[in-house]
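Residue numbers (this note's numbering), protein chains in the order written: chain A, 13 to 473; chain B, 13 to 473.
Since the hints were made in silico from the structure, they are not lab data. Do not rely on the hints blindly, as some may be mistaken.
Note that identical chains are pooled: a pair holds if it fits in a single copy or bridges any two copies.
Below 25 angstroms or equal to it, Euclidean Cα-Cα: the simulated SDA-like pairs (lysine to any residue) are [as the list claims (entries may be wrong)]:
#, residue 1, residue 2
1, 21, 415
2, 170, 260
3, 170, 135
The model shown is predicted, which means the values in this text are computed figures rather than measured ones.
There are 2 protein chains.
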Amino acid sequence: MSAADTLVKDLQTALPHGRVVVDADVARSLSRDQAAGAPVGEPAAVVRARSTEEVRQVVEICLRHRTPVVARGAGTGLSGGANAVDGCVVLSLEAMSEILEINPLERLAVVQPGVVNDDLRAAVAEHGLWYPPDPASSPWSTLGGNVATNAGGLCCVKYGVTREYVLQLEVVTGSAEVVRIGRRTAKGVAGYDLVSLLVGSEGTLGIVTEITVRLRGLPSAPITVAGFFPSLVAAGVAVRAVGAAGITPSALELMDRYCLRAVDDWKQMGLTDAGDVLLLARVDDPEPTGTALADEIVELFRASGAHWAERSTDAAEGEALFAARRLAYPALERLGPVITEDVCVPKENVPEMLTRIEALAQQHDVHIANIAHAGDGNLHPLIIGPPDDDADQWRRIHAAFDGILDAALDLGGTITGEHGVGLLKRGGLVNELSPTVMGLHRAIKEALDPAGILNPGKMFE
Amino acid sequence: MSAADTLVKDLQTALPHGRVVVDADVARSLSRDQAAGAPVGEPAAVVRARSTEEVRQVVEICLRHRTPVVARGAGTGLSGGANAVDGCVVLSLEAMSEILEINPLERLAVVQPGVVNDDLRAAVAEHGLWYPPDPASSPWSTLGGNVATNAGGLCCVKYGVTREYVLQLEVVTGSAEVVRIGRRTAKGVAGYDLVSLLVGSEGTLGIVTEITVRLRGLPSAPITVAGFFPSLVAAGVAVRAVGAAGITPSALELMDRYCLRAVDDWKQMGLTDAGDVLLLARVDDPEPTGTALADEIVELFRASGAHWAERSTDAAEGEALFAARRLAYPALERLGPVITEDVCVPKENVPEMLTRIEALAQQHDVHIANIAHAGDGNLHPLIIGPPDDDADQWRRIHAAFDGILDAALDLGGTITGEHGVGLLKRGGLVNELSPTVMGLHRAIKEALDPAGILNPGKMFE
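Okay, chain A solo, but in the shape it has when bound:
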């Protein structure tokens, strides 16, 4: 029997029937995330675990076989972090999808890693509570994946990212031990912050099997402000003006003319008639503060050069204004595969970063559309790939991709605001962090995963 066969046999013996996936198509579908252009390995086995103990057993068996374990949730990641490596066990946690507790007094929820983000939101909303982190993938992505990547989203500009909501984790370590780290209390400083270390570690330091998250009360119904601007520079001035006025909107999103045109070509919304750049702001402060702030943002948009700026007068209108934002990505995908970039720069450098992205598009002769969480300086340049296997065009796309990372670093930013390093940005990470800091990463990886079996080769070699 080959080593891989022995591994599969050991897994099948240890786990209940049906846990080891035998269907080749299903196995293939669980071997990659949604990163365009990242390498995908061939797994030795794919397992769908249903309990912490099953996860522990898988890690124990992999430890014995010195086999890599690649944990995954829904596979909505955009950096290749959940892609299989050759000979690995892919460990899907999607079937661990129970909400174990919702505690309105302590304002926390305890969930298994396979719970879908929007399902948690819906469940806690029944108690008047809210789990803020809202990645665009929230209808599909799981809390386990959100924790592994420290997912962000639209409302982070006011409410912070996943890490700020994780109180406690149950984790299976690289030594196949089950540990509980963090706490359920509002405060606590007993020992090192292992929870924050695990959040965003992309499956390289432990496999999360239970998550306790902090909740907030539901905010007031949001008011949306839309503004159409003649140029990226004018929109950038407006973003600065909102910040300088001390206003913290609950979302501040930008779409450039390429996105607007793609949506228009598809849905004939007439967006491009209104202007070149759309800014969408939301405020969710209680009334009358909410309306007053929305009006102030309208004035700031106009003073910054908006052709047109208005606030929504009811929830339906607000939703309609955000519809274009949600349509941008699928509209662009109609034109070809979309390579999603994700850089974050200091807010004051957003206009300069957008200018450099335009120059890179010209220089490398590629199409780059921009959506951005402008209020955080988190930009998502979307590079439109060729529908076919045009090697020269892919070379130019990769050159533009790397150019964007370099520009972000040059402007005091980071190579990844919220999507993670995975496989696509390992080179970028080395450029961002000093050799000494990379050494600290390796030392921590070695400390928590001495056998090196947890998602090896992701984030860094």
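Add chain B to chain A, keeping to what the hints say.
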């Protein structure tokens, strides 16, 4: 020449004149923090550094001599974390006290570790900005110490603790290398969260030489609500009622009858005539929400059994109501040395925890007063020690101290909400964390401080 003499000579040769403290009284004053009853060692040398390069040189020399380095700020800690260990170099960072940058657009400040918390607040307030974490020591404690202990405070109930405000750190590692970790951008997921790991690590993983903190806009002027209750249970009901109503006050503080009596005995404020337990809430929402929430809290206090509950009508009145809270600690110190406990339990267990503390006081025949950040379940039982060296009473005090830690763990809480482990709670930490989690701590310590010279023996052996 003795090893200690060689060490001092090496330090004096490497550093500018005056950095190595020669005055024995000054050296003694820099050898301990404010923890009552924690052991204090005899340092080989005390250094006041003035730059990152000087800190690096001290660590390099200590590395060569295999000498422990105990970094310290103002020494206001309450767990012995900054106490000298025998033969160590105490490294004071108080003289590194420059505010290097205040950036209103990015809403961040960059400071040296010796900047006093209140000095930073005052400086950023001139720009309409606010650094929220407000430990009771804020008039004296330094940002470096706040970072080392992940300091909390009154407003954490709404605004979070120090860790949530630290964006970037410059750190001298245990290998005498200067590294920059974290970022200046609003978001970022490039690599492990080394910043959160360093925050709260009590000087055991690195020495922080520069801190970039996130700022907020100044909140609205607060409104204070005071309520006097006949019992701890009634006050506990009120705290729950505020939480259940979905109100997040910017402070929610409790003082028990021992504290009220101590203040009355000193200042004759007549507090004990009004009730046994005082709850103080603050709201800082913009008007008219602020007043509406304050009125709602008044009603909730009354419905929970308050003899008397009112809200302040102006800032001076609000300040006056909080004066008793600030007087509690010095009032108790008039009665003897105060051993400050610091436990945090789930909010729903606050009344039960207070009941158990009363029982422990009776059982061990010691005086325990309680102040609490009741809104987060963070209790500070204050054990009043004897003015003299009464060995039997100290034994009983330590038994009560340990009993409180055990009770907190039994109620799902933690042995330290915000003061840290230091020397006083090493036993408690072992009780709170599993052996495997303690093993992860040791592995991380070993990874980041291979020579074991950074504040050895603090937090854990």
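Hints versus structure:
1. In this homomeric assembly, residue 21 and residue 415 never come within 25 angstroms of each other (Cα to Cα): the closest approach is 47 angstroms inside a single copy and 51 angstroms across copies.
2. Taking CA atoms no more than 25 angstroms apart as the test, residue 170 paired with residue 260 passes in both settings, with 6 angstroms inside one copy and 16 angstroms between copies.
3. Taking the closest pair of Cα atoms, residue 170 and residue 135 come within 25 angstroms of each other both inside a single copy (22 angstroms) and across two copies (24 angstroms).
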